[in-house]
Structures are given as structure tokens and as C-alpha cells.
Amino acid sequence: MTVGPGWYMTLAAALFSIGAIGMLVRRNALVMFMCIELMLNAVNLTFVAAGRALGTLDGQVSVFFVLVVAAAEVVVGLAIIVAVFRARATASVDELSELKG
Amino acid sequence: MIDLLWLVIALPLFGAVFLHFFGRRLGEPAAGWVATLLIGGSFVVAAGAAVPFFRGTGENVRVLLWEWMPAIGAGFELQWDPLAALMVLIVTGVGSLIHLYSIGYMSGDERFSRFFVYLNLFAASMLTLVLAGNYAMLFLGWELVGLCSYLLISFWFTRPSAAAAGKKAFVVNRIGDFGFMVGLMLIFTSFGTLSYAGIFERAPEVLGTGVATAIGLLLLVGAIGKSAQIPLYVWLPDAMEGPTPVSALIHAATMVTAGVYVVARSAPIYQLAPFAAGTVATIGALTALWAASIALAQNDIKKVLAYSTISQLGYMFLGVGTAAYVAGVFHLMTHAFFKALLFLGAGSVIHGMADEQDMRKMGGLARHMPITAVTMAVATLAIAGIPPFSGFWSKDEILGVAFEAGGWFVVLWIIGLVTALLTAFYMTRQFVMVFLGAPRWDEGVHPHESPRTMTIPLLVLALLAFGGGFVNTPWRTALEHFLEPAFEGVAIAQPSKELSTFFLLAAVSVLAGVLGIVAAYLAYRRPAEVWQRFQESLGAPWRWWEEAYRVDDLYGALIVAPGKTLAERTAFSFDLGIVDGAVNGVGWVVRRVGAALRPLQTGFVRNYGVVFVAGVVVVVAWLLVVGGGV
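Keeping their order, the protein sequence lines are chains D and Y. Using the working numbering, read the first sequence as starting at 1 and increasing by one per residue. Using the working numbering, read the second sequence as starting at 1 and increasing by one per residue.
Calculated directly from the structure, the hints in this document are not laboratory data. Nothing here was measured: the structure is a model prediction, and the numbers come from that model. We treat Cβ as the ideally placed atom computed from N, Cα and C, and that holds for glycine. There's no promise every hint is true.
Unchecked claim - Distance ranges between label pairs, derived from CB positions:
(1) Gly609/Y x Ala72/D: 18 to 26 Å
(2) Val66/D x Gly609/Y: 18 to 26 Å
(3) Pro5/D x Gly585/Y: 56 to 64 Å
(4) Val75/D x Leu623/Y: 28 to 36 Å
(5) Val589/Y x Glu37/D: 42 to 50 Å
Unchecked claim - Far from chain D, some chain Y residues (derived; all Cβ distances over 10 Å):
(6) Pro29
(7) Ile350
(8) Val593
Produce the entire structure from the sequences given, and follow the hints as far as they go.
Printed below as a string of C-alpha cells:
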């Protein structure tokens, strides 16, 4: 049995789905944040796998970009979550519905 | 002196600016003296520059002060020819006397110095008008005198009637200005320039009869507005709300003659358009008769003079319309003398009677105001056309030309003759009602002669009103020679040189004048009760007559009321309903759509996530099922 690109794609799809479902069902901002990271890394996995299968470096280069952006996003996101937690003593996103129309 | 010509306009203009800032500090009467000296200075400069014309050696000169709008041939350009010179001398000469008179008349007024600011500004504007070397600059002066007229009529603006009169004068004049402006556009499209030099020399080659007639009629519309002819004369009687010196300066001697001046100045154009010229003459004659008939029934001392002015302006139009440009301008000059005198005399009476203007409450003033009475008598005889007073010579020249012209103009001559009779009648009526007979004053009125600043102008003007006619008699046509260079290439109609014709025509018109004087004297010399009872016995028609045939009401019903209705409809139906409605409607739609869509924003991240994921699923499903390339 060979582990081909299909396996990686399946794994990535599973990881992405877990991330997306977690994103939709959890209320804790921190956990939702981790779910986003999970989705991003699932995508990264597809990039690397596809790059390897096609024999180009493009996939790995894209992963670098994603990692850089994700790092920056984590900085900003965590700062916001900490600030919100300090102000409200909660990290539940359901409490944060000021923009309700 | 030609190099200093710009000073003629600059001196009064400087006066206006200077008095605007420092007039209040100068106070009374210094501000008035400054203004008087400046306009007097203008007169001296103009007289000096006109000397060559008097010697008969003068040449027409154009002085370009600076470029203004070269594309339409309009610079700040002064045209110095005998016609301009004569107009400038009248404006500055009569103007100086009226400035001097105003020092006495306006004494004690709160806004004494402000009055002289306006007077000086008016003089500068009028001088711009007559000195202009192109139609654009003429129009500039034309509009400025209109503005000054508005400011001066409504000088006592706290009186609602004065404010309304100023507004009316301005609005009615705008109607005329509209025609005038279209005329200027037509001139520009025909000639490619507005400069007199480029127009008058080339007029015969460029203009066909049709275009010349159109230009002539359009300029006439402007002249009708400014010179208060039928049908736009209604503003002038109301303009009597202004201080009396204003009536004398603007609404008798200078501004209202601007229309006559424009027709005379545009003589080369009217020469090519006999129909337009005939229209000028006809409107003039009809106005003369119409206004004179209204003047017969007026009781306000200034209203009589206002209608008389309209009537006399009609004579001038009759003159310039029959191509008798010299006669028309001649009458303009003599009229400036005797009408300014009449207004200033009336002002002196009003001043002495403590602001009483109703002639029914005067009478017997000759004993108390001898100088005013004598000078007014001179003016009355002059306007009535009794030789050798000035009005006789100029009016007879106009009538003589009309008679010679033959055809339709003979009808106009008869109208002019009847007008002469009426003129003599209403002027004598006024003189008798004011100065003769038994006093009918209100209690507490003590008539007194006016101060010297007021009587000296009266005396000077009386001299001019008496002798001003001798500059152009059938024996000695000095004015004609003087004006000739200004009308190069224009055929000027002249009265018959045969003395027998002259004497015959003169005899007829003098007879008309004497008849009018005698009739009025006999009718109004009797005790006041007699003619008052007679007037009252006429009942409603007399009141209709007294109210100037209620032309104002007619215009009100025909033009003003529909205009108001239209404005109201536009403002409250169209603007509020449709224009504002459309704008509000857009806002309303946006708000309703927003309100409908607002619940979509739940504020829960989860909901947004679901939509997001659902969207991704749909897109991916689409790609899988339909394929990528689309």
C-alpha cells in the first residue's frame, strides 16, 4: 500500500472539516482561534502535498506566506482576545454581540 | 485737457469711495461740500476738454484707458465727441447745482453723508454711460445708474412705500435691460465687436434692413425701460418716493434721458431701419399725450412733475425717432434745465411746507417764497412753450420736423400739438394751485423761503431755463453746428428753414400753449371750493383719472398676479412636491430596505461563519458539478 497524494488530501479535508465545525459550534474565542489555525494548516498540508506530487517548489513557497500571515494574525487576534477578556472577564463570543442590527 | 478726461469719471467715483469711508466723520455739511466740489471739478475738466468743439476745431477722440474684454472689442474707452461733451456738461453742470441744493435740502437727515455717496456714485455711473466708447461700457454705466436709481429711490427705506418703489423701478428696468442685452448680442453677432468705431462706420455694408430693424427695436426696448415710455413708464411716478433732489437729478435731468441718448448715439443703425425709427417716434408721441393727460388730474406736486417728465421724454423720442437728432438732444438739454428747476422748486416748496406734497393744501405761497415762485414761473413758461423761453425753441423744432416729415408723422405732429396744450394746462394748474389764490394750509404750517444753498441753484437754473433755447434758433443754429461732428454720415432731419413755415408752426403751438395757460388760470384761479366741487361732481371717472387710469392695477392683474401664482406653484407644488419629493423618496427607499435587511446582522460570529461555510460549499459544489472553465 502506497501513501499517495490522495491520503494527504483526505487527511487535510478531515482536518479542515474539524476546524470548520469547531469554529461553528464552540463559543470560546480562544478555541475558535485554534480552529482557524487548524483550517489554515489543513490548507498548508494540501499545498505541500500537491507541491511534492507535482515536483515544484510553488506549494512550499505558498506555505511560507500562509505561515507569515497566520503569525501576524495570531498576534493581533490574541491581543484582542486578551483585551476583551480583561474588560469583560469572559471570552465567550456570544457575549460580544454589540453589532447586532 | 483731453489727457485729463478720465478725471471726469474718476473725481465723482473717488468722492463716492472717500465719502463712504470718511463721510460720517466729515459730517454735515462738509461731506456735501466735498461731493459738490468733486462733481464741480468734473464739470470744469469737461468744459476745458470741450473748448475745441466750441471753437469748431475739435475732432472726435477715442481714449483707451485700459483693455477690458478685447475679444468683444470692449475696452475702458472714452469717446469724446460733441454729443458726449454736451451730455457730460449737462450731467456735471445740472448735477453740481443739484448737489449744492442737496446740502440744504438734506440738512438734518440722519444719513446725510450716505446720500452724497450715492449721488456721487450716480454721477460717475452716468458719466461712464455717456463717455463710453463701446456698447459694453455703455451697458456697464446703464446698469450702474439703474442700481444708483434703486438706492436713491429707496433712500428712506424705512417707509415701506419707498422700499417698494425702489424695487419696482429696478424690476421694470430689468425688463427693458433684457431687450437691450439681446440687442447688444445681435450687434455683436453682426459686427464681431461692440466698439462704436467698428460698428457705425461699417453699418451700411454689414446690416440688412431686417437686422437693423431688429437691433433698433431691441435697443428701443431698453430705452423704453430706462426712459419710462409706454408701456414701461409705471416705475417713474412711484420713484417720486425718493428725496426731491434725486427726482430732479435722476428722474428728470439725467438718467431717464439715457434712452434718448442711446437712440441718438445709435443713429447710424436707426438710419438703416425706418420702421424702428418710426416706432420710436410713435411710442414717443403716444407717451407724450398719455402721460400729459394723466398729469392733468394729479394732486401731488411731484406726481404732476413725474408725469410731465414722462410726457417730455416722449417729445424727445418723437424727435430722435423722426431722425431729428439735434432737436431731440436739444430738447433733452432744455428739459434738463427747466425740469430740474421745477423739481428743485417743488422741493423748496415741500421743504418750506414741512413735507406737505398735496397741492390742495397749498395756495398763496408766492408771497412767502418769492424766489421759488419766480423761478417756478420761469420754468412753467419754459415747459409750456412760450417764447422766448427755452422750451419753446426745442419743442417747436421737434414739432417742426415731424410736420415736415409728412405722412404718418403729421398725425404725430397733431398729437404733439395737443400735448403742448395739455402741458400748458397742467403746469399752469400746478402753479396756480401752489402759489396763487387763498392759503389752504394745514394748521401749524409756516411756509418760509429756503436757505441760500437751495435758492442759488434755483436762480442759476432759472437763467438757463430762460436763455437755454437761444443756442439753437432758426436764425442761429449753433447747437446744430456743434453737434454735427458727432453725427458723421447721418442724415439729420431739420425743420424747414423757411421763416414763413416756422412762424406759422410756431404761431399754432404758441396758440396751443396760451390757450392751455388761460384755460387753467381761469379754472383754478377761482376759489378752491369751486373746482373741488367740480372735480367731485365727476365722481368715479375723476377718481379713475386721478389714479392714473389704474394702469398699475391692470399690470397687477395681468402680469404681477399670474407671476405670483406661478412662483407660488413652483415653490410649493413643484419644488416641495416633485423636486423635494424625489430627494426624500430616495432616502425613504434606502431606509426601508435597510430596515428590512437589518435582522441579518445578528452579532453572532457563528451565524456569519455558517453563511461563510455555506457559501464555500456552494462554490465548491458548483466547481465540482459544472466544472471550472465556465
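Each hint, compared with the structure:
Between Gly609/Y and Ala72/D the Cβ separation comes to about 21 Å, which falls inside the hinted range of 18 to 26 Å. Our hint of 18 to 26 Å for Val66/D and Gly609/Y holds, since their Cβ atoms are close to 20 Å apart. Between Pro5/D and Gly585/Y, the C-beta spacing of about 60 Å keeps the proposed range 56 to 64 Å intact. Between Val75/D and Leu623/Y the CB atoms are about 34 Å apart, so this pair conforms to the stated range of 28 to 36 Å.
Take Val589/Y and Glu37/D: their Cβ atoms lie about 44 Å apart, and the range 42 to 50 Å holds. Once the 10 Å rule is applied to beta carbons, Pro29/Y is consistent with being away from chain D; the minimum gap is 77 Å. The Cβ of Ile350/Y lies farther than 10 Å from every Cβ of chain D, with a closest approach of about 77 Å, so its non-interface assignment holds. Interface exclusion of Val593/Y from chain D stands, the closest Cβ pair being 13 Å apart, more than 10 Å.
In this structure, every one of the numbered hints holds.
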